[in-house]
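Colleague: Take 1 as the starting number for the sequence shown in UniProt numbering and just add one per residue.
Hints were generated in silico from the structure; no laboratory data involved. It is possible that part of the hints are untrue.
Derived lysine to any residue pairs resembling SDA-like cross-links, with alpha carbons at most 25 Å apart [what the hints assert, rightly or not]:
no., residue 1, residue 2
1, Lys329, Gly35
2, Lys339, Gly293
3, Lys118, Asp107
4, Lys118, Asn85
5, Lys6, Gln27
6, Lys413, Ser227
7, Lys238, Glu388
8, Lys50, Gly13
9, Lys6, Asp93
10, Lys98, Asn85
11, Lys349, Gly244
12, Lys169, Ala192
13, Lys379, Asp234
14, Lys349, Glu365
15, Lys379, Gly174
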Amino acid sequence: MKDNVKVGLLGLGTVGTGVVKIIQNHQEQLVHRVGCPVEVTKVLVKNVDKKRDVNLLKESLTLDPYDVINDPDIDVIVEVMGGINETKQYLLDALNQKKHVVTANKDLVALYGSELLKAASENDCDFYYEASVAGGIPIIRGLADGLASDKIQKLMGIVNGTTNFILTKMHKEGMSYEVALKEAQDLGFAEADPTADVEGLDAARKMAILARLAFSMNIELEDVDVSGISTVSDSDLKHGQTLGYTMKLIGYADQSDERVETSVQPTFLANNHPMASVNNEYNAVYVYGEAVGETMFYGPGAGSMPTATSIVSDLIAVVTNMRLGVNGKSISAPQFEKKLKSAEEKFAKYFIRLHVRDEVGAFSELTKLFSSNSISFEKILQLPLDKEGTAEIVIVTHKASMENYSQMLEQIKDLAVVHSVESFYRVEGEGAK
1 MKDNVKVGLL GLGTVGTGVV KIIQNHQEQL VHRVGCPVEV TKVLVKNVDK KRDVNLLKES
61 LTLDPYDVIN DPDIDVIVEV MGGINETKQY LLDALNQKKH VVTANKDLVA LYGSELLKAA
121 SENDCDFYYE ASVAGGIPII RGLADGLASD KIQKLMGIVN GTTNFILTKM HKEGMSYEVA
181 LKEAQDLGFA EADPTADVEG LDAARKMAIL ARLAFSMNIE LEDVDVSGIS TVSDSDLKHG
241 QTLGYTMKLI GYADQSDERV ETSVQPTFLA NNHPMASVNN EYNAVYVYGE AVGETMFYGP
301 GAGSMPTATS IVSDLIAVVT NMRLGVNGKS ISAPQFEKKL KSAEEKFAKY FIRLHVRDEV
361 GAFSELTKLF SSNSISFEKI LQLPLDKEGT AEIVIVTHKA SMENYSQMLE QIKDLAVVHS
421 VESFYRVEGE GAK
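From just these sequences and the hints, can you work out the full model?
Modeller: What follows is the structure, given as structure tokens:
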């Protein structure tokens with residue numbers, strides 16, 4: 001049994017710096033938890049001469065990733081450098097050299113998680129990725145360990161802090177999308193190019209990871225239906241408020257009759273839904289289990305120290321497994337064959353905002369169209385517009401199949417009384433069912 005555990009770090013940005021600080025500052029607690037010292041001995045950086053807010057010897061820094069990967073003394077590789085294909089090869093090479101791996105790389109795990117887990121299993125290594133989904137929230141461990149005995153039926157997640165910040169500003173302060181995005185960028189919550197966040201791709205990657213784990217199926221990124229928030233208007237949010245809803249970008253994963261659906265889309269939540277009050281850059285994941293019922297994980301979804309906390313928690317798990325001699329034993333292949341729901345098997349409520357001609361019989365035509373597609377109304381708002389002879393109608397439907405709903409949306413555009421379909425969103429009620 002080793003007297004100490006040596007860690008190699010790929011990347012020393014804000015998160016990597018946080019990892020080093022926690023390991024160094026919490027060494028006494030780490031020794032108490034795992035029974036031996038844990039030390040960062042080699043670190044991949046872009047510039048060895050850069051001044052850093054962390055205490056590392058210059059000789060421990062390197063520009064070559066294989067100085068870290070090939071070091072025979074290193075037991076665990078912690079990857080916080082980002083990237084996909086090149087980084088995947090580094091981690092595969094590390095696993096093939098019998099080194100355990102901890103990563104925060106959601107893009108990599110979403111695309112190649114199954115391949116990396118297989119390599120880890122073949123080499124009796126651990127591959128952990130808690131920090132890849134929701135920063136400091138222990139949702140991966142919650143699903144894998146805390147709820148391991150339950151059958152997960154549904155997940156809903158606010159898993160992107162950038163979009164949640166923007167929607168909170170629009171909802172609470174009446175900001176336009178453009179102004180809220182600019183403030184998010186100024187505060188460092190959004191990148192200069194925010195596309196991956198605001199168009200839902202970042203959240204989709206995280207939901208693919210969560211659905212794969214929750215349902216034990218090989219859910220891939222391409223299985224997630226994705227739409228973003230860039231077209232959400234202040235009018236949409238105002239009408240939603242009037243009807244008792246709050247807008248969030250929701251990652252959604254549901255399993256019924258052994259079939260799964262996954263999506264990321266702007267969604268109106270009933271104001272009494274547990275996630276409607278999750279604001280600003282915070283994340284939350286709502287889980288409905290057959291036995292446990294409703295649970296919710298909430299906390300900071302990003303940031304140096306919250307993310308580093310999840311990484312070091314994974315590191316503790318690896319070292320504990322090393323001391324027990326059980327590395328690689330917790331990894332299992334997906335239990336079930338992937339079966340995705342068809343459009344006729346997906347059901348939801350929907351918000352639809354229309355501009356129609358303000359004339360006798362217009363609403364009757366809409367009613368006939370909805371009825372012919374087996375879609376009924378739950379809530380209706382009708383408001384006059386400044387445009388002469390035009391009214392705005394907002395409809396919230398009862399639950400309908402996606403097949404009927406999509407068919408109705410195509411048909412409604414051809415109605416002579418309909419001037420335009422302004423927007424449409426999913427609606428979720430107060431609880432899981």
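Colleague: Hint by hint, where does the structure go against what was stated? Just the numbers, ascending.
Modeller: Hints that this structure does not satisfy do not exist here, as all of them hold.
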